[in-house]
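Since the structure of chain A is provided, determine the placement of chain B on it from the hints.
Each chain is listed here by its residues.
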Amino acid sequence: MSELNIRNGAQLVSSETIDGEIAVLNLGPTHPATHGVFQNILKVDGERILEAEPTIGYIHRAFEKLAERRPYNQITPITDRLNYCSSPINNMGWHMTVEKLAGIEVSKRVDYMRVIIMELARIADHLVCNSVVGVDTGALTGFTYMFQERERIYEMFEAVCGARLTTNIGRIGGFERDFPEEFKRKLDDFLKTFPKNFDEFDSLVTRNRIFMDRVIKAGPIAAERALNYGFTGPNLRAAGVDYDVRVMNPYSSYQDFEFIIPVGKDGDTYDRFMVRQHEIRESLNIIRQALDNMPAGKHYTEVPDYYLPPKDEVYKSMEALIYHFKIVMGETPIPAGEVYHAVEGANGELGYYLISDGGRTPYRLHFRRPCFIYYQAYPEMIQGSLLSDAVLTMSSMNVIAGELDA
Amino acid sequence: MTNNQHQQVLDALQQRFGADLGSVSEPYGLLTVEIPATRILDVLDFLKNHEQLRLDFLTDLCAVHYPEDPGREIAVVYHLHSMVHNIRLRLKAFLPISNPEIASATKLYSAANWMERETYDFYGVLFTNHPDLRRILNMDSMDYFPLRKEYALEDETRNDKDDRFFGR
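Protein chains in written order, with the working numbering: chain A, 5 to 410; chain B, 7 to 174.
FYI, nobody ran anything at the bench for these hints, they're computed from the structure.
Worth double-checking, as some hints may not be accurate.
[Claimed, not checked] Cβ-Cβ distance ranges computed for the label pairs, FRET-style: (1) R168(A) with Y157(B): 51 to 61 Å; (2) T44(B) with L390(A): 39 to 49 Å; (3) E57(B) with Q387(A): 26 to 36 Å; (4) Y157(B) with P339(A): 25 to 35 Å; (5) D316(A) with N92(B): 41 to 51 Å; (6) G35(B) with G142(A): 43 to 53 Å.
[To be verified] List time: in silico DSSO-like cross-link candidates among lysine-lysine, alpha-carbon distance up to 30 Å: (7) K330(A) with K320(A); (8) K190(A) with K302(A); (9) K269(A) with K155(B); (10) K112(A) with K315(A); (11) K188(A) with K200(A); (12) K47(A) with K221(A); (13) K269(A) with K54(B); (14) K47(A) with K112(A); (15) K98(B) with K69(A); (16) K302(A) with K320(A); (17) K155(B) with K330(A); (18) K69(A) with K155(B); (19) K98(B) with K113(B); (20) K104(A) with K69(A); (21) K302(A) with K112(A); (22) K47(A) with K98(B); (23) K221(A) with K113(B); (24) K302(A) with K269(A); (25) K98(B) with K104(A); (26) K112(A) with K196(A); (27) K188(A) with K302(A); (28) K330(A) with K112(A); (29) K315(A) with K302(A); (30) K190(A) with K315(A); (31) K69(A) with K330(A); (32) K330(A) with K104(A); (33) K104(A) with K54(B); (34) K113(B) with K104(A); (35) K196(A) with K302(A); (36) K221(A) with K269(A).
[Claimed, not checked] A few chain B residues that don't get close to chain A, going by computed Cβ distances all over 12 Å: (37) H12; (38) Q14; (39) R22; (40) F23.
Each residue gets a CB set at the ideal place from its N, CA and C atoms; glycine is no exception.
Chain A on its own, in the form it takes in the complex (with noise of 0.2 Å):
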């Protein structure tokens, strides 16, 4: 029987060039080497991919009606849902766009708190990314270990809002609370022992023989087509564009940071494997200088009209029950306008169009989702390599289902 079943393996492999059949293979939409909710319906001649038809949408929430009728406070949730591995980017970027919108400036602590806050949720996006890129060559272990150091990140959060994935963090105006003493001794035990970690992986796979020969020229794309394409962020910058929002159009205090934007070359996964593992130094790097420099005051910004009393002062103060009723029951004062916001997401650009008429929710809210723009490409950077690069491709291109779906 096995030795059937060999037989008709190597005559499978040999018939790939021979006789040209082509095959519909259906790849997802649960597939175990998909990370996420996909459908790609391949033709194939073989291993060959000749034409590749994705289908999307199978966890659509209609986030953009819900938004509808949301007050402001209540969408930061909705925003944990998209790209749900870095939800402490998405949170801040919607804090931010509705500060712009009321015109509230917020403090320096503030700003370089969520600075700290994204940098940590960048690191844990790029970890699970780069990680699974190892994974699908069949590097298990870099994987485990980097999942531990995600896994510290996590407890990061937890101590600032309680929550893991789905962070919530933060309000408009600040944070819920001050970083807790937990917090900040994880976070300098981190700092300390995560480059360490962090480098046996990188000795692990990035000049590994068997990994370089697996992702060099896997699914590359050129600088041309990916700006046509509308990529951002980390899959641009491999095409070797150094456009980050966070030196282009600062948000949060990014211009008091000194970092560097890597690039690569020729947009292939080996490149986009390379520009996350440099972003990760660089983003350690600026929680370094946010630690260093992090001015004294408070974690919020004085707009009661906004920000949550502390909860204790609901009791006791007239003042603060009023504002907490106002806020919980979305009676905060918004002026109307139109206003886009963009912040450097773990996977690209992810802006926030938001239109407001003066009323208690959003009269439209679109989210402009990095990967839902970027994920269209991927029939071109499929198209003649092999199956097995195709995972690897859709896995280096950090394709986040929830943010691609809404």
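Chain B only, in chain A's frame:
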């Protein structure tokens, strides 16, 4: 981004399209220009290939529904970005809901493909010459455009939720 650059963009647009340009505003520092829907492709093409401006990155494309504005119910909104000069520009084209037709930008931007499908999916905007204008996030059998304002979020037959008690 400076006002000088905004003026430059406006001057270039005015020189080329003159009276066709609609209202100009700058909400929260982002230059916003209204253009007639029939000229959208010309404007996008002009901006993309303009040697100085280089507004050649389509950041975002979406629609907005204004049911109270007869003849201009659907606004299609384009966000352009010049990465060379760091200028952002918002273009708006208004369409009547009875005939929401506008030229597709897919010839200029591959990125517009799915963005336009999404806009069609939720607002029913018909992009002419789009290679594959199908629904993208909703199921194909859906027979309405859910983000239009006439579709309330909650089931209207429910009577256990009284808006007056929720401040809505």
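Against the structure, the hints come out as follows:
The given range of 51 to 61 Å is broken by R168(A) and Y157(B), whose C-beta atoms sit roughly 35 Å from each other. The hint said 39 to 49 Å for the Cβ distance between T44(B) and L390(A), and at roughly 46 Å that hint holds. Evaluation of the 26 to 36 Å hint for E57(B) and Q387(A) yields a pass: the beta carbon distance comes to about 33 Å. Restraint check, Y157(B) to P339(A): a C-beta distance of roughly 27 Å satisfies the suggested window 25 to 35 Å.
Between D316(A) and N92(B) the Cβ separation comes to about 46 Å, which falls inside the hinted range of 41 to 51 Å. A hinted range of 43 to 53 Å for the beta carbons of G35(B) and G142(A) is consistent with their spacing of about 49 Å. For the given pair, K330(A) sits about 16 Å from K320(A) by alpha-carbon distance, which is consistent with the 30 Å threshold. Straight-line distance between C-alpha atoms of K190(A) and K302(A) comes to about 21 Å, which keeps the hinted pair within the 30 Å bound.
Taking the CA atoms of K269(A) and K155(B), the gap is about 46 Å. The hint is violated against a cut of 30 Å. Between K112(A) and K315(A), the direct Cα distance comes to roughly 24 Å. Compliance with the 30 Å bound is thereby established for this hinted pair. Our distance criterion of 30 Å between C-alpha atoms is met by K188(A) and K200(A), whose separation comes to about 19 Å. The hinted pair formed by K47(A) and K221(A) meets the criterion: a straight-line CA distance of about 21 Å does not exceed 30 Å.
A hinted pair counts as satisfied when its Cα atoms are at most 30 Å apart, and K269(A) with K54(B) qualifies at roughly 24 Å. The straight-line distance between the Cα atoms of K47(A) and K112(A) is roughly 54 Å, outside the 30 Å bound, and the hint therefore fails. Taken as a hint, the K98(B) and K69(A) pair is honoured in the structure, with Cα atoms around 21 Å apart against an allowance of 30 Å. Taking the CA atoms of K302(A) and K320(A), the gap is near 21 Å; set against the 30 Å cutoff, the hint holds.
For the suggested pair K155(B) and K330(A), the alpha carbons sit about 26 Å apart, so the restraint of at most 30 Å is met. This hinted pair checks out: K69(A) and K155(B) have alpha carbons roughly 9 Å apart, not beyond 30 Å. The hinted pair formed by K98(B) and K113(B) meets the criterion: a straight-line CA distance of about 19 Å does not exceed 30 Å. This hinted pair checks out: K104(A) and K69(A) have alpha carbons roughly 22 Å apart, not beyond 30 Å.
Restraint check for K302(A) and K112(A): the C-alpha separation of about 10 Å stays at or below 30 Å, so the hint holds. Proximity of K47(A) to K98(B) is assessed by CA-CA distance (about 39 Å); at most 30 Å being required, the pair is judged violated. Proximity of K221(A) to K113(B) is assessed by CA-CA distance (about 28 Å); at most 30 Å being required, the pair is judged to hold. A threshold of 30 Å between alpha carbons decides the hint, and for K302(A) with K269(A) the separation of about 44 Å lies outside it, so the pair is violated.
At most 30 Å may separate the alpha-carbon atoms for a hinted pair to count; K98(B) and K104(A) meet this at roughly 21 Å. This hinted pair checks out: K112(A) and K196(A) have alpha carbons roughly 26 Å apart, not beyond 30 Å. Taking the CA atoms of K188(A) and K302(A), the gap is near 16 Å; set against the 30 Å cutoff, the hint holds. Simply put, K330(A) and K112(A) have alpha-carbon atoms about 27 Å apart, close enough for the 30 Å limit, and the pair holds.
Annotation: proposed proximity of K315(A) to K302(A) holds, straight-line Cα distance about 17 Å (limit 30 Å). Between K190(A) and K315(A) the CA atoms are separated by roughly 27 Å; this keeps the pair inside 30 Å, and the hint holds. Proposed proximity of K69(A) and K330(A) is supported: the alpha carbons are some 23 Å apart, at most 30 Å. For the hint linking K330(A) to K104(A), the alpha-carbon distance of about 20 Å falls within 30 Å, and the restraint holds.
Our distance criterion of 30 Å between C-alpha atoms is met by K104(A) and K54(B), whose separation comes to about 29 Å. At most 30 Å may separate the alpha-carbon atoms for a hinted pair to count; K113(B) and K104(A) exceed this at roughly 34 Å. Restraint check: the Cα-Cα separation between K196(A) and K302(A) comes to about 27 Å, which is no more than 30 Å; the hinted pair holds. Taking the CA atoms of K221(A) and K269(A), the gap is near 11 Å; set against the 30 Å cutoff, the hint holds.
Listed as a non-interface residue, H12(B) keeps its Cβ farther than 12 Å from every Cβ of chain A; the least gap is roughly 15 Å. With a closest Cβ-Cβ approach of about 18 Å to chain A, Q14(B) is found to remain outside the 12 Å limit, as its non-interface label requires. Every CB of chain A lies more than 12 Å from the CB of R22(B), the least distance being 23 Å, so the non-interface label holds. At the 12 Å boundary, the C-beta of F23(B) stays outside the reach of chain A, the nearest C-beta of that chain being 23 Å off.
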